[in-house]
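Novice: Sequence:
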Amino acid sequence: MKMTTGTIVDTVLALLACSCLAGGGTGMQAQTTRPPAQQAAGEDAVARQQAALAQMQESIAKQRESVQKQLGQSTDAFFILLPPERMRSVAHDGGTAECAPLPDGEVRSLASQAATRESLDAEMLINVMRQESGFRPCAVSEKGAIGLMQLMPATAEQLGVKDSFDPLENVDAGARFLRQLLTRYNGDVLKAVSAYNAGPARVDAVDGIPQIPETIDYIKRIFYPDLEKQ
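Each step along the sequence shown adds one to the number in the numbering used here, with nothing skipped, and position 120 is 672.
Just to be clear, a hint being listed does not mean it is correct.
[Claimed, not checked] With beta-carbon atoms standing in for the labels, derived distance ranges:
1. Ala-592 <-> Lys-695: 38 to 44 Å
2. Pro-765 <-> Asp-718: 14 to 20 Å
3. Asp-756 <-> Asp-673: 22 to 28 Å
4. Ala-592 <-> Pro-705: 40 to 46 Å
5. Gly-696 <-> Pro-588: 50 to 56 Å
Derived by calculation from the structure, the hints in this document are not laboratory data.
In this text, a Cβ means the ideal position worked out from N, Cα and C, and glycines have one as well.
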C-alpha cells in the first residue's frame, strides 16, 4: 500500500496518542490514583509530546512545500531525494522556469565575490560552476549533490551551509571547499579540482589526477574550455 505523507502523519498521531494515554501506567484509572506531583509531571510530559508532535507536523509541511517549490516534484509520497528516474542533474536536461540558469551577470557577481574572499581565480570558479550545474541553482545529481557547486550533504554540513539551494551560500561554500583542497595540495590547482570531482582519496591514491574518464574530461572542460568549442 502506498504510504502518503498524510498517512504517515496520521499513523504517528495515533501511536503518540496511545503512548500519551498509557502514560507509563495502566490507563486513566492509574492516573487518578497517582499523587498530585506525579500526575502533574505526567500531564507536563503529555503537553511536551503534543508540542513535539505539532512541531513535527509543521516540519513535514515545510519539507513538502520545499520539495515542490525547489524540485518541481509531486509530493503525494514523502521522500528526501528525487525518485530514481529523476535522480539526475537538471543541468543536463531542458530545465524549467523554476530551475532556469542564473543570468550571466549574477553568475559572475557570485563567482567574483567568492573568488576574492578565498583568493581563487574567478574564471576557474565559473567553469567549475558551469560543469557542475550548468548555472542552475536547483540542480540535484544522481548522488544527491545540490546546487550551483553541487555540494554533497555531508560537505555542506561541514561547511555550515543552511540552504544548499541558496546561490550565495552554495557558491561561497564551494569556494571555501576549493580553498581547503588547494591548501591540502600545496596550491596544486589540478589536484584540488580533481579532488573536487573525484574526492581527495582518489587523488591521494595516485598522487595526481585519477585516470577516471569523467575526471579527465572534467579537468579539460574547466581548464581548457576553448578546446570543447572546437
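Novice: Where does the structure disagree with the numbered hints, that is, which hint numbers, in rising order?
Specialist: 1 and 2
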